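Visitor: Add chain X to chain B, keeping to what the hints say.
The listed protein sequences derive, respectively, from chains B and X. Residues 1 to 95 in the numbering used here are what the first sequence lists, from first letter to last. Residues 1001 to 1242 in the numbering used here are what the second sequence lists, from first letter to last.
Now the in silico label distances, taken between C-beta atoms and shown as ranges:
1. L14(B) / A1186(X): 22 to 28 Å
2. A1130(X) / Q83(B): 30 to 36 Å
3. G55(B) / I1120(X): 23 to 29 Å
4. L1154(X) / V13(B): 38 to 44 Å
5. R40(B) / W1165(X): 38 to 44 Å
6. R48(B) / E1187(X): 24 to 30 Å
Covered stretches of chain B, as calculated for chain X (at least 3 residues, CB under 8 Å):
7. 45-51
8. 54-64
9. 74-86
Worth flagging that the hints you see were computed from the coordinates, not collected in a lab. Predicted, not measured: the structure shown is a model, and the values here were computed from it. Idealized CB from N, CA, C, for every residue including glycine.
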Amino acid sequence: MNRWLKLFVFSAVLSLGLLGTAREAPAQTEPQGRPAEAERRIAQSRFRYLMLGYGTIWVALGVYLFSLNRRIGSARGEIESLQARLEGLSRRQGR
Amino acid sequence: MRGLASVSKALDVLALVLVLAAFWLVLYHAPTERTMGDVQRIFYFHVPSAMMAFLGFAIVLVASIGYLATGGRGWDSTAQAGAEVGLLFCTITLLTGPVWARSAWGVWWTWDARLSTTLILWLIYVAYLALRGYMAEDLRMRRFSAVLGIIGALDVPIVYFSVRWWRTQHPTTFIMEREGLHPAMAETLRVSMIAVLLLFVALLLKRLMLERIRLTAEELRGEIETLEMEPPMGPADAGGAR
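Next up, chain B with everything else stripped away, as it sits in the complex:
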């Protein structure tokens, strides 16, 4: 796996861990006069949206990095084959 992708996977896993532990923290929003159970459910729902938001960011970055790495890899491969072809041609031309 490419260096960037390794770093990315490591960061994504670490972020998931951070999100997982943050979930244990009690909600600190100002009480709106609702019953405790309703407050807890609202806080959970907001936390789910937060996870969805950051999950989306990691997925978007991951998809872009993966596509960029693939393009760089194939461009490098093309250069190698072109260089080999050029060397062959130069030898044939007697240079």
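Guide: Same frame as chain B, but now just chain X:
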């Protein structure tokens, strides 16, 4: 290219370390906002992503003007890299905004001025990259895309000032007017800004590297074509003209 690669390597690590640090601050340092609760924490990456999208499109503007003025291929490559990375951050902004909106406003999307102009900006740069992808790689394509890149960048101030010019649901806070922000929130936002900026630069350098590799491949193809057109040298030619 080696210099660019080593700078890029260092930036990769630095950017990811800072992104993780910012993420830690978002979750543990920034206080929970009173009315919106935890979902407001999306703001710490949503706003910097929007800023980086603007930066990307500003790069397209400058590089496109540079290309039209000088005709240098480097300008064109920079514009293309800026558009692609800018579009990535614009996509992140457009994806994270609705998540926040769903929790705060109760709807995923509304045709509000800020949201609509941002979507238009995104569509312009999708069209820019589609134009580059589908047209043959020649002078005409590069000129067309430079003009489209400039026109697209004109939407950036419209997006930025839309909350002031029209009545919108989107929060009207301007980046220069953060006096009301809790100190811990302002610190977290600053670190997130730096982290996302570094990530932007790291990705831009990587994208520029791809363009350099492509240009090298183009040069090699040109050399091969020239060699294939030339007749093979005889032993006398190889030894030099007598």
